[in-house]
Structures are given as structure tokens and as C-alpha cells.
Amino acid sequence: MKRSELRETVFRILFMRQFNTEEEMKEQAALYLDGLKEGREEVPYSEYVTAEDEAAVAEKLGGIMKHIPEIDTLLNQTSRGWKTSRMAKVDLSILRLAVYEMKYDDAVPTGVAINEAVELAKHYGGEESPSFINGILGKIARAGSEDGAESETSDAGKRQKESGASE
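Numbering (numbering that gives the first Met the number 0), first residue to last: 0 to 166.
In case anyone wonders, no lab produced these hints; they're calculated from the structure. The model shown is predicted, which means the values in this text are computed figures rather than measured ones. Please note that the accuracy of each hint is not assured.
[Said to hold, decoys possible] No more than 25 angstroms apart at the CA atoms, straight line, and that leaves these computed lysine-lysine pairs for BS3-like:
1. K138 to K102
2. K65 to K102
3. K65 to K88
4. K121 to K138
5. K82 to K65
6. K138 to K65
7. K102 to K82
8. K88 to K25
9. K82 to K138
10. K82 to K121
11. K121 to K102
12. K88 to K121
13. K1 to K102
14. K102 to K88
15. K82 to K1
16. K65 to K25
17. K1 to K121
Whenever a hint applies, use it, and build me the whole structure from the sequences.
This is the structure:
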């Protein structure tokens, strides 16, 4: 399974999660993953899903679920006038996946996470979804790069002071 296909599978399960209780979700996710293995027509990519793919989906879902409180806090801080409780469920699922990849998955470059999220939004979201998602993720990416630059500057200043103090 390609990474974009894995990402779409994770998105679909995240979307389903919003309509089920935690207990129901475990069963729904298991049924969906079984559909991948059985090659059901309604489940994309099922003809070539491996055990490794299934494990990767489960790992990414677990990571997202673990970090949803932090992800939602960041989304609420970033999106002016749009709290997660008011967002379209498709958009929210895409945003949660992308923010997880941007903040917690070192294997996915930020630009790739944003581009893939916009592609999912074009396919599954409403007319305004791609620009809405791109705008929020762009703000998060810019804030993250500014934080990284400040951190590097502050670390460099610390090192310079420490080396100057020892001379």
C-alpha cells in the first residue's frame, strides 16, 4: 500500500470514529481492516494490503487517538471563528491526521502532510474544504517554523554565552 493510500485509510477510519462510541469504534475499525484483508470492493486498495500495512494503519490511528486533545487544542487556537466542535467532520478528520503527521510523525515532511491533506479535502470535502484546510495547516506550519527558529537562535545564544564565559 502506498503512503497516500495508507493515509486515506486512516482518514476513513478517523471519520467513522466520529459517529461511534469508543467501544463501537474498536469493532468498526476491526471490521474495516478485515475488509481490507478480504478484498471487499467497497474498501479501496484491498487487493494488495499486507500485514505490515494493517500494522502501520493501526499505529498511526493509535498515535492520533493518543494526541487528539493536543491536536484539537492547536486547531482551536489556530482557526479563528472555527472551533473543532463546529468544523465539518470530514475537514476535522483530515486536519487531525495532518496535524498528527506534522507534529508527531518525523517520517512525514510538513509539506507532504499539507499537500496530502489538501488532496483528501478535494476528494472528500466540500467546495471550500481545500482552502480552509490549507490555510489552517499553513498557519500551524509557519508557527512551527518560527518556534524552531526561535529555539535555534536561543540555543545558539546560550552556546555563545557559555563559550564566552569559559574563556
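**25 angstroms limit on alpha-carbon distance, applied to hinted pair K82 and K1** = Distance of about 32 angstroms is beyond 25 angstroms: violated.
**Holds or violated: K88 to K121, with C-alpha atoms at most 25 angstroms apart** = holds, 14 angstroms
**Message:** Between the alpha carbons of K102 and K82, is the straight-line distance 25 angstroms or under?
**Reply:** holds, 20 angstroms
**Message:** Between the alpha carbons of K82 and K121, is the straight-line distance 25 angstroms or under?
**Reply:** holds, 21 angstroms
**Item:** K65 paired with K102 [C-alpha distance capped at 25 angstroms]
**Value:** holds, 13 angstroms
**Asked** Taking only the CA atoms, is the gap from K65 to K88 under or equal to 25 angstroms?
**Response** holds, 19 angstroms
**Straight-line alpha-carbon gap K138 to K65, limit 25 angstroms** = The given pair, whose Cα atoms are some 23 angstroms apart, holds under the 25 angstroms limit.
**Prompt:** Given the hint that K82 pairs with K138, does the C-alpha gap stay at or below 25 angstroms?
**Reply:** holds, 15 angstroms
**Message:** Next pair to validate is K65 with K25; report whether the Cα-Cα distance is within 25 angstroms.
**Reply:** Roughly 14 angstroms between the alpha carbons, so the hint for K65 and K25 holds.
**Request:** Would you check the hint for K121 and K138, treating anything up to 25 angstroms between C-alpha atoms as holding?
**Result:** holds, 19 angstroms
**Item:** Given hint K65 paired with K82 - CA-CA distance at most 25 angstroms
**Value:** The given pair, whose Cα atoms are some 20 angstroms apart, holds under the 25 angstroms limit.
**Request:** For the pair we were handed, K102 and K88, check the Cα-Cα distance against 25 angstroms.
**Result:** holds, 21 angstroms
Hint 15 alone, counting from the list given before, is not met by this structure.
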